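Asker: This is what each chain is made of:
There are 2 protein chains.
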Amino acid sequence: MKKVYFAGSIRGGRVDAELYKRMIAFIKTRAEVLTEHVGDLSLSVFEGENGRDRMIYEQDTAWLRECDLVIAECTCPSLGVGYELAYAERFEKPCYVFYDKNKGNLSAMINGNEYFRVCPYGSEEELFCMLSSIM
Amino acid sequence: MKKVYFAGSIRGGRVDAELYKRMIAFIKTRAEVLTEHVGDLSLSVFEGENGRDRMIYEQDTAWLRECDLVIAECTCPSLGVGYELAYAERFEKPCYVFYDKNKGNLSAMINGNEYFRVCPYGSEEELFCMLSSIM
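Protein chains in written order, with our numbering: chain L, 106 to 240; chain X, 106 to 240.
Bound-form chain L, shown alone:
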């Protein structure tokens, strides 16, 4: 079973947390999701003291090295997701980058980088159709 690292905004804003939850539930029907907590609606968005943040960093980068592919939802800008995408590129993990083209403008650092498979969507149906095709 493939291992998926799902990336979405946490401290950058939780406006799309419900969508992350639905995407993770869908992916879980076909693969293992290492980062299921990204869709947890009760997740704290506040900075931890340094020891806790170091543990999160160590765990997330270990999962990025372990995963088979990365699926990122990038409509809500997030410093952490940008870091994770570059880290995944460094370890040559396939990366699929989704964003709602009616709401967001994808960074040129991602949109202009041929490494990433950019998937703009216009509706949630279109998003899940694309998601299905890559699993």
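Any given hint could turn out to be false.
[Stated by the list, open to error] Here are a few chain L residues that sit away from chain X, every Cβ distance over 12 angstroms (derived from the structure):
(1) Phe131
(2) Glu137
(3) Leu139
[As the list claims (entries may be wrong)] For each label pair, taking beta carbons as the anchor points, the in silico distance ranges come out as:
(4) X/Glu171 / L/Arg170: 24 to 32 angstroms
(5) L/Glu229 / X/Glu137: 44 to 52 angstroms
(6) L/Arg119 / X/Glu171: 34 to 42 angstroms
These are computed hints drawn from the structure, not numbers from a lab. All values derive from a computational prediction rather than experimental measurement. For glycine and all other residues, C-beta sits at the position ideal for the given N, C-alpha and C.
Model the placement of chain X on the given structure of chain L, informed by the hints.
Answerer: Here is chain X on its own, set in the frame of chain L:
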């Protein structure tokens, strides 16, 4: 003269663009700033067609490899800045990460990563005092 890559949000939101402009003006009194456009208040925040975004990506990553240090203002979450910080880490460039601790929660991918020199500030005076001490 040292070369500085200044990183700030563009498509992630321009709410802090005036601050970026003041920081860049200050840094320019002591170093060369490769990315002065980040403080340009008339900069377009919209996605370019793919050829333009590819040019931006190629130019910004070339500057990241060329610079002596990175100074990032991370209060406004930005996918591009997260990517740039990971890219700079990969090329072992010293990275100073500023953010207003009254407004933002820094990502654990940055705050929990010992590579980055994180500089939380409570006022603009404090920010410029820290900026002065690293130049």
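Asker: Each hint needs a verdict: does it hold in this structure or not?
Answerer: Hints and how they fare:
Non-interface call for phenylalanine 131 of chain L relative to chain X: holds, since the shortest CB-CB distance, roughly 23 angstroms, exceeds 12 angstroms. A cut-off of 12 angstroms between C-beta atoms confirms that glutamate 137 of chain L is not in contact with chain X; the least separation is 22 angstroms. Remark: the non-interface label on leucine 139 of chain L is consistent with the geometry, its nearest Cβ contact in chain X lying 15 angstroms away (cut-off 12 angstroms). Restraint check, glutamate 171 of chain X to arginine 170 of chain L: a C-beta distance of roughly 28 angstroms satisfies the suggested window 24 to 32 angstroms.
Take glutamate 229 of chain L and glutamate 137 of chain X: their Cβ atoms lie about 46 angstroms apart, and the range 44 to 52 angstroms holds. A hinted range of 34 to 42 angstroms for the beta carbons of arginine 119 of chain L and glutamate 171 of chain X is consistent with their spacing of about 37 angstroms.
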